[in-house]
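Q: Below, each chain spelled out in residue letters.
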Amino acid sequence: MISDKTFRIDGKKIPFQDGDTIMDAALRAGEYIPHLCHNPEFKPNGSCRVCVIETNGRHVSACNQPAIENMEVDNSSDAIMNLRRSLLQMLFVEGNHVCPACEKSGACQLQAVAYYTRMLSPHFTHFFPCRDVDATHPEIAIDFNRCILCKLCVRASRDVDKKNVFFISGRGINSRLVINSPSGKLGDSDVAVTDKAVAVCPVGAILPKHKGYEKPIGERMYDNKPISIVGDVAAKFSSKIYSKDVSTK
Amino acid sequence: MVFNQQRDLLDMVQNFSQFFCHESCGFCTPCRVGGTLMRNLVEKVAAGHATSYDLDEMKNIGLVMQNTAHCGLGATAANPVLNTLNKFPDIYTTRLAHTGYEPAFNLDASLEISRQITGRDDEGAHIRDE
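As given, the protein sequences belong to chains A and B, one line each in that order. With positions in the first sequence counted from 1, the corresponding number in this note's numbering is that position plus 48. With positions in the second sequence counted from 1, the corresponding number in this note's numbering is that position plus 164.
Derived by calculation from the structure, the hints in this document are not laboratory data. As the structure is a computational prediction, the values presented were derived from the model and not from experiment. Backbone N, C-alpha and C fix where the C-beta goes; we use that ideal spot for every residue, glycine too. Wrong hints could be hidden among the right ones.
[Claimed, not checked] Derived CB-CB ranges, DEER-like:
#, chain 1, residue 1, chain 2, residue 2, range
1, B, ASP220, A, LYS263, 40 to 46 angstroms
2, A, LYS259, B, HIS290, 54 to 60 angstroms
3, A, SER276, B, ASN270, 49 to 55 angstroms
4, B, ASN243, A, LYS60, 32 to 38 angstroms
5, A, LEU168, B, ALA268, 33 to 39 angstroms
6, B, ALA211, A, ASN130, 35 to 41 angstroms
7, A, LYS60, B, MET165, 26 to 32 angstroms
8, B, ALA211, A, ALA183, 36 to 42 angstroms
9, B, ASP220, A, GLY78, 55 to 61 angstroms
[Stated by the list, open to error] Stretch-level coverage of chain B by chain A, calculated; a stretch enters the list once three of its residues show a Cβ under 8 angstroms from a Cβ in chain A:
#, stretch
10, 172–181
11, 252–261
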């Protein structure tokens, strides 16, 4: 049961229950708040910061900020969108994201949110890190160049698959995704192509093999409609939350 | 903090930005990436390669870090840069290369690998400063 408590996002009334985060209530109401590391099936992480909103003069991440009755949330001002765009640009220059050469292009959440925030270029100086591609697994390839450290695979592997295949190692700008196997290679781990950890990757980092370009460019999930309508990359696997949007538009 | 007049404040800022870059846990985007971008820009200023555009960039990156970082470290990591840009702009502006655009890397030095591969070292294989 939805209680009769409400708060406002950009002036629009949003009902919520006790214990809801701003993101929980917004998703349920079909109000889009851009996000990358959040997936309603998992505990909020709050690391990408793309869901930054302003309320009561403070900037907070919507995915882990509890909703409070009558709060006013700014989710779409130029100032908020500028912050989000800068965060997206930071993620783009941190890794090696070459959209035209990526199998995930058109169905990538990083790319879709970048379009949503009207990002036109990576803007900042590229880091061009040297990262590996691990194709040792017969059914899954992982391209670390495209990892945005959202930890969704870490959480899915730990909480759903119960395999603990993925971890984040290192600190600061040297943080990186690592594989928990004797050789550190994916082929040596317990991961399977049917694992949740493979399905939740919002970018082109973890890709199932043998099905490249199954869907042609032009027919991919974000090719014709923005992410605010289509919803998350991983939403189709589970979430009822965006089904309203998808079916009505 | 108290410094005597012999202290090079940009040296202090460089030290701070390197410190916060090193101390960042890497959890959130603005501190992990923004902090590193900030350190690189401070070093660009210190090396005499920066332009006024870079100073604006530092202000913007600092603003993103202050407003979006997950914890207090990220939210305050840009303060040494932002405070000195505000109170002691001279330590930056006196070191600027010029007011136009300047790339983040040395054009001539980045041709070195190509020179080695081709065995060339003539004038045409160099980009000289004007």
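Q: Compare the structure with each hint and give your call.
A: Comparing the hints with the structure gives:
no.: 1; hint: ASP220(B) x LYS263(A): 40 to 46 angstroms; in the structure: holds (42 angstroms)
no.: 2; hint: LYS259(A) x HIS290(B): 54 to 60 angstroms; in the structure: violated (49 angstroms)
no.: 3; hint: SER276(A) x ASN270(B): 49 to 55 angstroms; in the structure: violated (43 angstroms)
no.: 4; hint: ASN243(B) x LYS60(A): 32 to 38 angstroms; in the structure: holds (36 angstroms)
no.: 5; hint: LEU168(A) x ALA268(B): 33 to 39 angstroms; in the structure: violated (19 angstroms)
no.: 6; hint: ALA211(B) x ASN130(A): 35 to 41 angstroms; in the structure: violated (29 angstroms)
no.: 7; hint: LYS60(A) x MET165(B): 26 to 32 angstroms; in the structure: violated (47 angstroms)
no.: 8; hint: ALA211(B) x ALA183(A): 36 to 42 angstroms; in the structure: holds (40 angstroms)
no.: 9; hint: ASP220(B) x GLY78(A): 55 to 61 angstroms; in the structure: violated (38 angstroms)
no.: 10; hint: 172–181; in the structure: violated (count 0)
no.: 11; hint: 252–261; in the structure: violated (count 0)
Checked against the numbered hints given earlier, the structure breaks hints 2, 3, 5, 6, 7, 9, 10, 11 and satisfies all the rest.
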